[in-house]
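Sequences are here, hints too, so could you generate the full structure?
Top line first, the protein sequences correspond to chains A, B, C and D. Quick note: the first sequence uses the numbering used here, first residue 1, plus one each step. Quick note: the second sequence uses the numbering used here, first residue 1, plus one each step. Quick note: the third sequence uses the numbering used here, first residue 1, plus one each step. Quick note: the fourth sequence uses the numbering used here, first residue 1, plus one each step.
Treat the hints with care, since some could be wrong.
What the hints assert, rightly or not - Here are the in silico distance ranges between beta carbons for each label pair:
no.: 1; chain 1: C; residue 1: 53; chain 2: B; residue 2: 216; range: 27 to 37 Å
no.: 2; chain 1: D; residue 1: 131; chain 2: B; residue 2: 228; range: 35 to 45 Å
no.: 3; chain 1: B; residue 1: 53; chain 2: A; residue 2: 12; range: 51 to 61 Å
no.: 4; chain 1: D; residue 1: 127; chain 2: A; residue 2: 230; range: 52 to 62 Å
no.: 5; chain 1: C; residue 1: 154; chain 2: B; residue 2: 228; range: 29 to 39 Å
no.: 6; chain 1: C; residue 1: 227; chain 2: B; residue 2: 53; range: 30 to 40 Å
no.: 7; chain 1: A; residue 1: 51; chain 2: D; residue 2: 250; range: 42 to 52 Å
Read the hints as simulated data drawn from the structure, not as lab findings. Note that the Cβ used here is the ideal one computed from N, Cα and C, for glycine as well.
Here is what each chain is made of, one letter per residue.
Protein chains: 4
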Amino acid sequence: MCRWIAYRGETIALEHYVTAPAHSLIAQSIHALESTASTNGDGFGLGWYGDHIEPGLFRDVRPAWSDENLRYLCRHIQSHLFFAHVRAATGTPTTRANCHPFACGRWMFMHNGVIGHWPRVRRRVEALIPDGLYGSRIGTTDSEAMFLAIMGAGITHDPIGATLRTLAAVTDIVTENESGEPMRFTAALANGCDLFAFRYAANVKGNTLYYRTAGTDVVIVSEPLDRDHAGWIEVPENHMVVARAGRRAELLSFPEPPRIAAE
Amino acid sequence: MCRWIAYRGETIALEHYVTAPAHSLIAQSIHALESTASTNGDGFGLGWYGDHIEPGLFRDVRPAWSDENLRYLCRHIQSHLFFAHVRAATGTPTTRANCHPFACGRWMFMHNGVIGHWPRVRRRVEALIPDGLYGSRIGTTDSEAMFLAIMGAGITHDPIGATLRTLAAVTDIVTENESGEPMRFTAALANGCDLFAFRYAANVKGNTLYYRTAGTDVVIVSEPLDRDHAGWIEVPENHMVVARAGRRAELLSFPEPPRIAAE
Amino acid sequence: MCRWIAYRGETIALEHYVTAPAHSLIAQSIHALESTASTNGDGFGLGWYGDHIEPGLFRDVRPAWSDENLRYLCRHIQSHLFFAHVRAATGTPTTRANCHPFACGRWMFMHNGVIGHWPRVRRRVEALIPDGLYGSRIGTTDSEAMFLAIMGAGITHDPIGATLRTLAAVTDIVTENESGEPMRFTAALANGCDLFAFRYAANVKGNTLYYRTAGTDVVIVSEPLDRDHAGWIEVPENHMVVARAGRRAELLSFPEPPRIAAE
Amino acid sequence: MCRWIAYRGETIALEHYVTAPAHSLIAQSIHALESTASTNGDGFGLGWYGDHIEPGLFRDVRPAWSDENLRYLCRHIQSHLFFAHVRAATGTPTTRANCHPFACGRWMFMHNGVIGHWPRVRRRVEALIPDGLYGSRIGTTDSEAMFLAIMGAGITHDPIGATLRTLAAVTDIVTENESGEPMRFTAALANGCDLFAFRYAANVKGNTLYYRTAGTDVVIVSEPLDRDHAGWIEVPENHMVVARAGRRAELLSFPEPPRIAAE
Numbered sequence: 001m002c003r004w005i006a007y008r009g010e011t012i013a014l015e016h017y018v019t020a021p022a023h024s025l026i027a028q029s030i031h032a033l034e035s036t037a038s039t040n041g042d043g044f045g046l047g048w049y050g051d052h053i054e055p056g057l058f059r060d061v062r063p064a065w066s067d068e069n070l071r072y073l074c075r076h077i078q079s080h081l082f083f084a085h086v087r088a089a090t091g092t093p094t095t096r097a098n099c100h101p102f103a104c105g106r107w108m109f110m111h112n113g114v115i116g117h118w119p120r121v122r123r124r125v126e127a128l129i130p131d132g133l134y135g136s137r138i139g140t141t142d143s144e145a146m147f148l149a150i151m152g153a154g155i156t157h158d159p160i161g162a163t164l165r166t167l168a169a170v171t172d173i174v175t176e177n178e179s180g181e182p183m184r185f186t187a188a189l190a191n192g193c194d195l196f197a198f199r200y201a202a203n204v205k206g207n208t209l210y211y212r213t214a215g216t217d218v219v220i221v222s223e224p225l226d227r228d229h230a231g232w233i234e235v236p237e238n239h240m241v242v243a244r245a246g247r248r249a250e251l252l253s254f255p256e257p258p259r260i261a262a263e
Numbered sequence: 001m002c003r004w005i006a007y008r009g010e011t012i013a014l015e016h017y018v019t020a021p022a023h024s025l026i027a028q029s030i031h032a033l034e035s036t037a038s039t040n041g042d043g044f045g046l047g048w049y050g051d052h053i054e055p056g057l058f059r060d061v062r063p064a065w066s067d068e069n070l071r072y073l074c075r076h077i078q079s080h081l082f083f084a085h086v087r088a089a090t091g092t093p094t095t096r097a098n099c100h101p102f103a104c105g106r107w108m109f110m111h112n113g114v115i116g117h118w119p120r121v122r123r124r125v126e127a128l129i130p131d132g133l134y135g136s137r138i139g140t141t142d143s144e145a146m147f148l149a150i151m152g153a154g155i156t157h158d159p160i161g162a163t164l165r166t167l168a169a170v171t172d173i174v175t176e177n178e179s180g181e182p183m184r185f186t187a188a189l190a191n192g193c194d195l196f197a198f199r200y201a202a203n204v205k206g207n208t209l210y211y212r213t214a215g216t217d218v219v220i221v222s223e224p225l226d227r228d229h230a231g232w233i234e235v236p237e238n239h240m241v242v243a244r245a246g247r248r249a250e251l252l253s254f255p256e257p258p259r260i261a262a263e
Numbered sequence: 001m002c003r004w005i006a007y008r009g010e011t012i013a014l015e016h017y018v019t020a021p022a023h024s025l026i027a028q029s030i031h032a033l034e035s036t037a038s039t040n041g042d043g044f045g046l047g048w049y050g051d052h053i054e055p056g057l058f059r060d061v062r063p064a065w066s067d068e069n070l071r072y073l074c075r076h077i078q079s080h081l082f083f084a085h086v087r088a089a090t091g092t093p094t095t096r097a098n099c100h101p102f103a104c105g106r107w108m109f110m111h112n113g114v115i116g117h118w119p120r121v122r123r124r125v126e127a128l129i130p131d132g133l134y135g136s137r138i139g140t141t142d143s144e145a146m147f148l149a150i151m152g153a154g155i156t157h158d159p160i161g162a163t164l165r166t167l168a169a170v171t172d173i174v175t176e177n178e179s180g181e182p183m184r185f186t187a188a189l190a191n192g193c194d195l196f197a198f199r200y201a202a203n204v205k206g207n208t209l210y211y212r213t214a215g216t217d218v219v220i221v222s223e224p225l226d227r228d229h230a231g232w233i234e235v236p237e238n239h240m241v242v243a244r245a246g247r248r249a250e251l252l253s254f255p256e257p258p259r260i261a262a263e
Numbered sequence: 001m002c003r004w005i006a007y008r009g010e011t012i013a014l015e016h017y018v019t020a021p022a023h024s025l026i027a028q029s030i031h032a033l034e035s036t037a038s039t040n041g042d043g044f045g046l047g048w049y050g051d052h053i054e055p056g057l058f059r060d061v062r063p064a065w066s067d068e069n070l071r072y073l074c075r076h077i078q079s080h081l082f083f084a085h086v087r088a089a090t091g092t093p094t095t096r097a098n099c100h101p102f103a104c105g106r107w108m109f110m111h112n113g114v115i116g117h118w119p120r121v122r123r124r125v126e127a128l129i130p131d132g133l134y135g136s137r138i139g140t141t142d143s144e145a146m147f148l149a150i151m152g153a154g155i156t157h158d159p160i161g162a163t164l165r166t167l168a169a170v171t172d173i174v175t176e177n178e179s180g181e182p183m184r185f186t187a188a189l190a191n192g193c194d195l196f197a198f199r200y201a202a203n204v205k206g207n208t209l210y211y212r213t214a215g216t217d218v219v220i221v222s223e224p225l226d227r228d229h230a231g232w233i234e235v236p237e238n239h240m241v242v243a244r245a246g247r248r249a250e251l252l253s254f255p256e257p258p259r260i261a262a263e
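Structure follows, in structure tokens:
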């Protein structure tokens, strides 16, 4: 289980959320509170939108708490929409290509969760990625595979639908056999204008997800950045936070359970 | 194009071949002579057999020429069968999982070459890997995919046949369209007792390969370790060097061109 | 505060102590029990003696718990005298040159502790290093400076005296002003034949140190490798464990407090 | 010998000079033309000024040519004054702390050159660093020591004088013995408003340095970024380029040879 933060709002330096708060993401990298993995030291990443239509990425394999580059970049990079992520690996190697966020064209994605028995189901999940996008797979995580599958499921015209259809397809794969492998998916998705965050799980309780708004600004996090939890709203399972360009963030329930119609 | 060395013989410290010679592999990492890529600075690796039935691996993403760990390990590790490799990446990221050698069970493999249009044919080559071995794929290179395909083609009972069958299958994939993508394969394979090296290419001239023997000792290299080339025998294309346990190394031609019978 | 282990005895694979026990050093890297720093993720190192008169070193900046190279090397390297160390940085950067153990000629050293107000006293401690050894200082830690000062204080003929004289000189430096800065020194020193371990502190309680013997074999650790503490003897402050070549390890008190005579 | 570029002018994305030109700094990292070291693969760094009064830094130990973080940051970071550097180590380890640029307060520095017999003279050069700045020494290079010595020689009120006085003092140290060790110093210094570049050598020919202006914009480089050299002016030895805030860059000769008056 990893820890992450997503921000959409006025342009600010990343440090306001990533390094400065009492229980900042950096602090969570060495000691998270609401995670089964209290240490999230298996790499980290930043992703942000600026003048360029495609996001910038900065990912490295060292623990976030000791990385001087990260501290400099959080002070100097400003953005109206950014992601930050600290990783606790669940079986795949600690490489930059396996660190979050992932980017493809103008889209950016990060994830906290796991697909149960990944080595066994990996091939079938990768088969959801269209040929034209398979060359963009440079790592080996379940998270990157999910992202590219969502990309291929029609993200441009219907990002929410593409995500829910992919969740349905992957849920089918993990629940196919009798046992019903656990699947957890607490993820953020953005295109430079709109920000989406999802909380979902199959065959198991989902990971925590919170958000906080101020006007049209919104911050979405795995766990609150301060200890008193003031102002943070928990996102229930099967719900999503949708922050479209220029509009307030909304909490919405999934229109229907992510299952494939034919079931 | 990468540079590599494979040794089978009396137990010696790795430094005798990896760091000490005038034109050692470390020297080749910063300035190779018979390669289109004169700099091989995209990571390196050692693989060796000792008391344990499975090989040891040491791989890192930094250039070999400045790595103090590599120097210490080459001085202190002794082996009767070892591989060393310096990498010039051909498109896939510089991660440890993409560095050579690769290991699976008691087998070890390293490669200098490329499969043309890898992003386009990757999926079909990966499909040659059996399900039971797909979980062992932790990187994204063409080389690791070839190795796992060879593993799955019956390596235990017939390592030469498994390699040639895989070469035939991959040749079919890359030559399927009109253009005929280039494929180069200069590789070493070992199981702790036997050492095999292959020189092959399709639709293009192959990479260089040399070997030198002294009794049952054999050293196989991408390019000679000294400038006068004394004692080095060039391996022709479609040939292999076979050094079975306790026997002298032999130079053999491929029994037939690596094509699938049904062609 | 760091965690470490030192072994002297029959030649064995390092994994028997570094990776295999229930509460192995690798387990301590992510969750130590008797340390103020429960996470020791700021790099790690191995040092060992083999056929060569000088020790081998392997040090890296990533957390020990996820390093696949470390796992391979612990399985394949065998030694009759080795050190292993996981680091929790106390202010100096996470670089390989700042990771333990340190080596100089045939000597090897590692340390758990701190010299209070290091930035302020660093220059005076570095002044204890003789000119001829100053070129061997490739990092910036208090630990490496202490080691080179000990080297220069007559280590060849009197390693214990050289260590105690250096402790006296550094104690003088840190206690010079009224406040009395804390100094902790729990360290191991070896030359390929003899192994020494020291527990010392000034102006503060010292870090824990334990050892366990079986015949002439001895293991010395920051904290026990199993949860029941069976067979582990705690080393009191101002004491040392001395394991000379071919002899049983002895627990000895410091002959006198490490103060400079002229005080 | 390293390669570097310094820019002062209109705010632009770093990629315009660091990654885009035909013979960009990234291209020079794998194949420089006017350097004794054609490969500059021992780490790299960026330093830039933005809204914050202190510069941002991004340094890493991998070769610049394969670093995906560097590519993203050069596209997304914009600045009116920035440095970029690729390193060919001259004896000190490849660590982030040894990569250029160096920063201290609002000042930033980078260097191409060497102080002859560094291990022998290091201690005397470090003695030029005032106590209050010695804690800022986190690496072990001659370059960082020179920078901190310049900082301590009155950089705030007289950056040129502080640099020349430090050059005089170091020249004295390296030429003290009969042999006269070589010293090369081709360096850039900035405070967010003003940019200075120096070309100097003692007992040897200096490294190359060029600059090109367009209005008040100026680019200063180790070697031209295009192969035809059009518009580049070579900086003679004992000369400096001075680009003060809002004014055109000027080429000035050193007021007097950097020697200490008392000689």
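Structure-based check of all given hints:
Checked against the hint of 27 to 37 Å, the C-beta distance between residue 53 (chain C) and residue 216 (chain B) comes to roughly 30 Å, which is consistent with it. A hinted range of 35 to 45 Å is violated for the C-beta pair residue 131 (chain D) and residue 228 (chain B), which are about 57 Å apart. A C-beta distance of roughly 57 Å is found between residue 53 (chain B) and residue 12 (chain A), which places it inside the suggested range of 51 to 61 Å. One distance hint, 52 to 62 Å for the beta-carbon pair residue 127 (chain D) and residue 230 (chain A), holds here, with the actual separation near 54 Å.
Against the hinted window of 29 to 39 Å, the Cβ-Cβ separation of residue 154 (chain C) and residue 228 (chain B) comes to about 49 Å, which falls outside the hint. Look at residue 227 (chain C) against residue 53 (chain B): about 32 Å separates their beta carbons, and that is inside 30 to 40 Å. Taking 42 to 52 Å as the suggested C-beta distance range, the pair residue 51 (chain A) and residue 250 (chain D) does not conform, at roughly 32 Å.
Hint compliance for this structure: hints 2, 5 and 7 are not met, and every other hint is.
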